[in-house]
Amino acid sequence: MAAALSVLEYHLVNYRRTWQSSALSTLVMPLLTVLGFGVGVGAYVSSGVDGVPYLDWIVPGLIASTALQAAVGEATWPVLSYFEWIKVYFAQAAAPLRVVDILGGHLAFMLFRVLVTSTAFLAVAAAFGTLHSWWAPLTLVVSLVVGLAVAAPTVAYAAGITSDSYLIILMRFAVLPMSLFSGVFFPVESLPEVLRWVAYAFPLWHGVELSRDATLGTAPGWMGLVHAACLVAWCAAGFLLAHSRFRRRLVI
Amino acid sequence: MDPTNHPATGSTGTTLHPAEGSLIHARGLIKRFGDFTAVDGIDVDVRRGEAFGFLGPNGAGKSSTMRMIGCVSPPTAGVLEILGLDPRRDGPRIRAKLGVCPQLDNLDLELTVRENLTTYARFFGIARKEARRRADELIEFVQLTERADSKVEPLSGGMRRRLTIARALVNQPEIVLLDEPTTGLDPQARHLVWERLFRLKQQGVTLVLTTHYMDEAEQLCDRLVVMDGGRIVAEGSPRTLIERYSTREVVELRFDTAGQEAYADKLAGIGERLEVLPDRILLYVADGDAATAEVQRRSLSPAGVLVRRSGLEDVFLHLTGRTLVD
Chain A
9 MAAALSVLEY HLVNYRRTWQ SSALSTLVMP LLTVLGFGVG VGAYVSSGVD GVPYLDWIVP
69 GLIASTALQA AVGEATWPVL SYFEWIKVYF AQAAAPLRVV DILGGHLAFM LFRVLVTSTA
129 FLAVAAAFGT LHSWWAPLTL VVSLVVGLAV AAPTVAYAAG ITSDSYLIIL MRFAVLPMSL
189 FSGVFFPVES LPEVLRWVAY AFPLWHGVEL SRDATLGTAP GWMGLVHAAC LVAWCAAGFL
249 LAHSRFRRRL VI
Chain B
31 MDPTNHPATG STGTTLHPAE GSLIHARGLI KRFGDFTAVD GIDVDVRRGE AFGFLGPNGA
91 GKSSTMRMIG CVSPPTAGVL EILGLDPRRD GPRIRAKLGV CPQLDNLDLE LTVRENLTTY
151 ARFFGIARKE ARRRADELIE FVQLTERADS KVEPLSGGMR RRLTIARALV NQPEIVLLDE
211 PTTGLDPQAR HLVWERLFRL KQQGVTLVLT THYMDEAEQL CDRLVVMDGG RIVAEGSPRT
271 LIERYSTREV VELRFDTAGQ EAYADKLAGI GERLEVLPDR ILLYVADGDA ATAEVQRRSL
331 SPAGVLVRRS GLEDVFLHLT GRTLVD
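The listed protein sequences correspond, in order, to chains A and B. Those letters in the first sequence? Residues 9 to 260, per our numbering, in order. Those letters in the second sequence? Residues 31 to 356, per our numbering, in order.
Any given hint might turn out to be false.
Below, simulated DSBU-like cross-link-like pairs (lysine-lysine); rule was C-alpha separation at most 30 Å, straight line [claimed, not checked]:
no.: 1; chain 1: B; residue 1: K159; chain 2: B; residue 2: K231
no.: 2; chain 1: B; residue 1: K159; chain 2: A; residue 2: K95
no.: 3; chain 1: B; residue 1: K296; chain 2: A; residue 2: K95
no.: 4; chain 1: B; residue 1: K181; chain 2: B; residue 2: K159
no.: 5; chain 1: A; residue 1: K95; chain 2: B; residue 2: K181
Facing chain A, according to a computed beta carbon distance under 8 Å, are these residues of chain B, among others [to be verified]:
no.: 6; residue: G100
no.: 7; residue: L134
no.: 8; residue: F154
no.: 9; residue: G155
What the hints contain is simulated information worked out from the structure, not anything from laboratory work. These figures come from a predicted structure and were not determined experimentally. Just so it is clear, CB atoms sit at the ideal spot from N, CA and C, and this is done for glycine as well.
Use the sequences and the hints to build the structure in full.
What follows is the structure, encoded as structure tokens:
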């Protein structure tokens, strides 16, 4: 545990250099998104969704989606770079760290980034009066789980490639469809059957549904367990795959 | 680390190192990658406090051996003990006592010189305050004091190499592994690195290095092995290797005419061995001046004559051949 924490500490020291510039975008991004989608598009969706004003309906989805973006951002180019370009992972592997410490410490940092961006978004959402339940802070827990469910398999993917052109493919064929078809901007029920299954299969939709229940104060019922189980499955499978990829790269 | 009082001979290691007194002990060590055998059954013993070198052309298996010793590459077969421990089981415990300077610098270019050392020290469980203290000492030791708070990115190759060496010392290791420590450096930078490594050796730190620079091996190594094709083809101190595999002196003869081969027959019998190169003929002899006199007695008049002492390079080329390995 201490070993993994020392890896987390390394990433935090690295982050300290850029946190000011990233802090700004962390606040500006949700502000622009809420204004653009919620207020702008919301004006045309006067009837709301499921009896909820559009802005209030979309905000929890955007929080989960932000968690996804933050996780993907940290789990793609940095991971590729640490293997291929600046080879930081190899330096760590020469120290008395185990593969699980190197991977776990970096994932912990990714979750830290997810938490920071999600918290900023939640604060903006609160300022716009879109939170309707005392359960709303639970979206941060959901964001962390979504973050890991996305980051772990993405790290596994990034650890298995040697060129960043594969990351573009990931962005186009996994991240973009997941962002569009996971019930963030409109209910998945309005999608054709086939695309609905895209939402069901990927982790984001499950997080969006849980976040929405938290900010609107609706009881998730037994579906809540299904969502949680799917997210945990993505976390576990992603972590195991990432660990085996890391092992193959670092212990040869 | 305090460079003047290095704890390599301290108490932590004494309980670990095996009875025969070798810090690194390998018997029949093999590393295969699929069908390719990188290391093909080598026996090595590195003693405490010595500087031990692996020499060999590219692809000889030096780096694979170093990675096995560094406990980041499990042996395929054979015995390997480091500090009396088994790398297959005790990787992190062994790595805690190793310092590794890899062939290619893997510093964090965005962090400062100091941060590179302090964050790395944390991987060894060293407390923050102690990490900063050691970082300051090491920065001074590798003469980077003026650049301590500069990012690594703008540093020259020589400075980065020194920082990598400093990083390898941050845990006060018992063994320092250096994979081609001066490859790609300019002469000034190389000499500075050698001088620092020599000081480490004087402090009793065990150095294990790979190189294909013969002058580096002669300068630094007490003992070395020459590897070729995954095997050890010779072992000993630089001096004994030269005595065993070469002659005391070498006479280099250049003839004006295009083909040097024509002279090979006429030179037969002078010295122990004769080698014909495209541009010159090498005579391996005990006494260079006597050999030169004999050449003149045979009425051969080379355009150039050079008598020099035999070096490790002659041993190396004799053992591993002149064919280019890529």
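Hint check results:
About 27 Å separates the Cα atoms of K159 of chain B and K231 of chain B, which keeps this hinted pair within 30 Å; it holds. For a cut-off of 30 Å, the pair hint linking K159 of chain B to K95 of chain A stands: about 27 Å separates their Cα positions. With a C-alpha separation of about 57 Å, the suggested pairing of K296 of chain B with K95 of chain A is violated against the 30 Å cut-off. Annotation: proposed proximity of K181 of chain B to K159 of chain B holds, straight-line Cα distance about 21 Å (limit 30 Å).
At roughly 17 Å between alpha-carbon atoms, K95 of chain A and K181 of chain B fall within 30 Å of each other, so this suggested pair holds. Contact between G100 of chain B and chain A, as hinted, is supported at the beta carbon level, the nearest pair being about 6 Å apart and thus within 8 Å. Given hint, L134 of chain B at the interface with chain A, holds; its Cβ is 7 Å from that chain's nearest Cβ, closer than 8 Å. Contact between F154 of chain B and chain A, as hinted, is supported at the beta carbon level, the nearest pair being about 6 Å apart and thus within 8 Å.
Look at G155 of chain B: its Cβ gets to within about 6 Å of chain A, closer than 8 Å, so that hint holds up.
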